[in-house]
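Turn these sequences into a full structure, and let the hints steer you where they fit.
Protein sequence lines, in the order shown, are assigned to chains A and B. Quick note: the first sequence uses the working numbering, first residue 4, plus one each step. Quick note: the second sequence uses the working numbering, first residue 8, plus one each step.
Think of the hints as simulated: they come from the structure by calculation, not from any bench. All residues carry an ideal CB built from backbone N, CA and C; glycine is no exception. The reader is advised that the hints may include incorrect statements.
What the hints assert, rightly or not - Cut-off 20 Å, straight-line C-alpha distance, at most; resulting in silico cross-link-like pairs (EDC-like, lysine to aspartate or glutamate):
id, chain 1, residue 1, chain 2, residue 2
1, B, 124, A, 278
2, A, 109, A, 194
3, A, 109, A, 56
4, A, 182, B, 306
5, A, 10, A, 278
6, A, 10, A, 274
7, A, 182, B, 184
8, A, 178, B, 306
9, A, 286, A, 186
10, A, 109, A, 35
11, B, 66, B, 52
12, B, 124, A, 274
13, A, 178, A, 188
Said to hold, decoys possible - So these bits of chain A aren't anywhere near chain B, every CB distance computed over 12 Å:
id, residue
14, 31
15, 55
16, 77
17, 80
18, 104
19, 161
20, 178
21, 206
22, 210
23, 230
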Amino acid sequence: MNLIAQKSAQFFITLFVLIAISALPSLVAQLEFVPSNYWNGLQQQFSQLAKLDEITYYNVTAQRELPLLPALGPLMKETVIIFMTSLVVSVGFALLYAYFFYRSGKRVRTVLQQTSQTLEMIPDLFWLIFSQFLAITIYKQTGFDRIEVAGGFAEYIRFLPIVTLTLTILFFFLKWLTKHILEEEATLFLELARAKGVRPAALFWRHLLPNLVYRFYLFFRSNLITVLSSLLIIEYLFNVQGIFRFVVYNPVMPILLVILLVVYIPIFILDLLAEWLIPNAWKGGI
Amino acid sequence: MRRTLLRDPIFMIGFIIFVSLLLLSIGNTVFRDGQVDQFLNRYSDEGRLIGIPPLEPSKDQWLGTDRAGNDLFQMMIEGFKWTVGICATVALGRMALGLLVGIPLAFRGARLNRIFKMVLDGFLILPISLLAMMMLFPSFFFADSTMVPPLLDRVTLQLTVFVVLGLPAVTLYLTTEVRQLLKQEFMIVAETLGGSVWHRTRRHLWPHLVPTLVIVFMQQFVQTLMLLIHLSLFGVFFGGTVFLFEGVRPTLFEWSSMFGFYFKQFTAMTWMTNHMFLVPALGLSMLVFLSNLLTSRLERAFRLRRQKSVVTDDTTSQAEASAATLADPFTLVHANTSFQQMNQKKADDII
Numbered sequence: 004m005n006l007i008a009q010k011s012a013q014f015f016i017t018l019f020v021l022i023a024i025s026a027l028p029s030l031v032a033q034l035e036f037v038p039s040n041y042w043n044g045l046q047q048q049f050s051q052l053a054k055l056d057e058i059t060y061y062n063v064t065a066q067r068e069l070p071l072l073p074a075l076g077p078l079m080k081e082t083v084i085i086f087m088t089s090l091v092v093s094v095g096f097a098l099l100y101a102y103f104f105y106r107s108g109k110r111v112r113t114v115l116q117q118t119s120q121t122l123e124m125i126p127d128l129f130w131l132i133f134s135q136f137l138a139i140t141i142y143k144q145t146g147f148d149r150i151e152v153a154g155g156f157a158e159y160i161r162f163l164p165i166v167t168l169t170l171t172i173l174f175f176f177l178k179w180l181t182k183h184i185l186e187e188e189a190t191l192f193l194e195l196a197r198a199k200g201v202r203p204a205a206l207f208w209r210h211l212l213p214n215l216v217y218r219f220y221l222f223f224r225s226n227l228i229t230v231l232s233s234l235l236i237i238e239y240l241f242n243v244q245g246i247f248r249f250v251v252y253n254p255v256m257p258i259l260l261v262i263l264l265v266v267y268i269p270i271f272i273l274d275l276l277a278e279w280l281i282p283n284a285w286k287g288g289i
Numbered sequence: 008m009r010r011t012l013l014r015d016p017i018f019m020i021g022f023i024i025f026v027s028l029l030l031l032s033i034g035n036t037v038f039r040d041g042q043v044d045q046f047l048n049r050y051s052d053e054g055r056l057i058g059i060p061p062l063e064p065s066k067d068q069w070l071g072t073d074r075a076g077n078d079l080f081q082m083m084i085e086g087f088k089w090t091v092g093i094c095a096t097v098a099l100g101r102m103a104l105g106l107l108v109g110i111p112l113a114f115r116g117a118r119l120n121r122i123f124k125m126v127l128d129g130f131l132i133l134p135i136s137l138l139a140m141m142m143l144f145p146s147f148f149f150a151d152s153t154m155v156p157p158l159l160d161r162v163t164l165q166l167t168v169f170v171v172l173g174l175p176a177v178t179l180y181l182t183t184e185v186r187q188l189l190k191q192e193f194m195i196v197a198e199t200l201g202g203s204v205w206h207r208t209r210r211h212l213w214p215h216l217v218p219t220l221v222i223v224f225m226q227q228f229v230q231t232l233m234l235l236i237h238l239s240l241f242g243v244f245f246g247g248t249v250f251l252f253e254g255v256r257p258t259l260f261e262w263s264s265m266f267g268f269y270f271k272q273f274t275a276m277t278w279m280t281n282h283m284f285l286v287p288a289l290g291l292s293m294l295v296f297l298s299n300l301l302t303s304r305l306e307r308a309f310r311l312r313r314q315k316s317v318v319t320d321d322t323t324s325q326a327e328a329s330a331a332t333l334a335d336p337f338t339l340v341h342a343n344t345s346f347q348q349m350n351q352k353k354a355d356d357i358i
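Here it is as structure tokens:
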């Protein structure tokens, strides 16, 4: 009961904060901060909350104002497809890498560590340009034209955005995983398990990894903003018909509010699920 | 620490590149008044026209020129101090304010911290560049190039927005870090011995916080750079965007603005191999890479220092252990013969 009260309090507080954030664009006017303007914007956003279905946007193709909420579905779909696919692929690769890293000897480890460290320093911007460049070069060399470089109207582009985002997230994960595997390896319970003759594979998948799951989630959660920033710029540059590109092209406060809610509510539910589903023992409790 | 860094060739090379670029950039302002040469048409020795801007990279113009004939190499040099200056100012501003709020907060109870975290949680899901774009776009778009407000006003406002938008994340991080330090044994001892909050912060907390602060500074530096790049891609250049007949133009020679500016001049395929696009793009990628490289080397140096201190701990504990073996630690106090003898003697005296 206490938990429910706490969580709902958290939800409403964050909801309020999100509304306050979405009204921030009204704070700056004519190169100055105008608090009274912000107050008006805040009131406007609150009244908007009651009539979310009346929010409209200007549709360029139709040349008129259209209601926002029905149009949001396909945009959401694109963003979610790209985000989830890259997330799943990069987690998969990261786990494979981690296992390989765990099983390999000292020299291979040094090589792996240095490579992933160097790759991690390269900004996502570079991957973005480089992947487009590569696709075009492949096309020029071989005539293979199935890789799209940019989306168009009613055309979906998925492959390159997913590749770019995957690379960005993957190198992010690798550094963390490497550091924590090295840390966990020294723990006593693993020593005991090893002494009892548990096979190395079982040692990794059954004993080491579960210990990292919750911490990994927390790490991911606190760095979500970086991933979403990458997603934003990827959507914008590849012309993906997703929600972030939509806000860039329709920069008004009501739409920003809706997008904030659309992003926050799934994350909140995910948080709840993580707290609820991940067993206590994995969180470091008894 | 300093010696580790001085002996680290990778760090030194990165650092020298960084400093020499900065010196060149400042030198350009001091000695040449921030001038960037313009080359319009190029003629051969016989006076024949052999090139019009944009000129390709050549021996005279190392990185080529843009469409207005500005020498790209000189522009990059001139812009470097702006880019670095902005990022460093924003990173420092965020950290200073973050510490100012974070340290007093960390000394408060867990309940207040939980509430604070809950309130700021909303800031951690929205890409900052999106919000910054929406906040700055109306004020920083100038339709008339003769009516641009003074540079100082524009820069102050923009820097304030950048600092404030990144502040919640930095504050939360620093507070967590300080709270973790406060749980350490030496901090508890310092509190028990009656050290005031100020004393504990200055003498005990600060030395342990410095490595974290250096790393956080570098991270914020890169983050601000990314923010600048994102904004310029959205068409909001640092210092404002001037709307001209043929398109938009930045008001400063600054790397990220140049990148966004040239990016907007191309459509579809042609930009891939064009020097006007590649020079700022590769320059920015190199700058991010360089900053990340310096960060990782600094991290390594701090780690090595910590390892060294662990070694000294080890020797002291060994010394203690060897000292402890002198007196048998498992003998009972009352069984101690000398103690007994002393008591016996005392008792004899009384009798």
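Comparing the hints with the structure gives:
1. B:124 with A:278: Judged against 20 Å, a Cα distance of about 17 Å means the pair holds.
2. A:109 with A:194: holds (18 Å)
3. A:109 with A:56: violated (60 Å)
4. A:182 with B:306: Between residue 182 (chain A) and residue 306 (chain B) the Cα gap is close to 13 Å, so the pair holds against 20 Å.
5. A:10 with A:278: Holds: residue 10 (chain A) and residue 278 (chain A) sit about 11 Å apart, inside 20 Å.
6. A:10 with A:274: Holds, at roughly 10 Å.
7. A:182 with B:184: Measuring from Cα to Cα gives roughly 18 Å; hence the hint holds.
8. A:178 with B:306: Distance ~13 Å between residue 178 (chain A) and residue 306 (chain B) Cα, so the pair holds.
9. A:286 with A:186: Roughly 16 Å between the alpha carbons, so the hint for residue 286 (chain A) and residue 186 (chain A) holds.
10. A:109 with A:35: The given pair, whose Cα atoms are some 58 Å apart, is violated under the 20 Å limit.
11. B:66 with B:52: Holds, at about 15 Å.
12. B:124 with A:274: Satisfied, since the Cα-Cα distance of roughly 15 Å is no more than 20 Å.
13. A:178 with A:188: Judged against 20 Å, a Cα distance of about 16 Å means the pair holds.
14. 31: violated (5 Å)
15. 55: holds (18 Å)
16. 77: The claim stands: residue 77 (chain A) keeps its Cβ more than 12 Å from every Cβ of chain B (closest is about 20 Å).
17. 80: holds (20 Å)
18. 104: holds (18 Å)
19. 161: Answer for residue 161 (chain A): holds, closest chain B Cβ roughly 19 Å.
20. 178: The claim is violated: residue 178 (chain A) sits with its nearest Cβ about 9 Å from chain B, within 12 Å.
21. 206: Residue 206 (chain A) is indeed farther than 12 Å from all Cβ atoms of chain B, at 26 Å.
22. 210: holds (26 Å)
23. 230: It is violated; residue 230 (chain A) is separated from chain B by about 9 Å at its closest Cβ, not greater than 12 Å.
The structure fails to meet hints 3, 10, 14, 20 and 23 from the earlier list, while all remaining hints are met.
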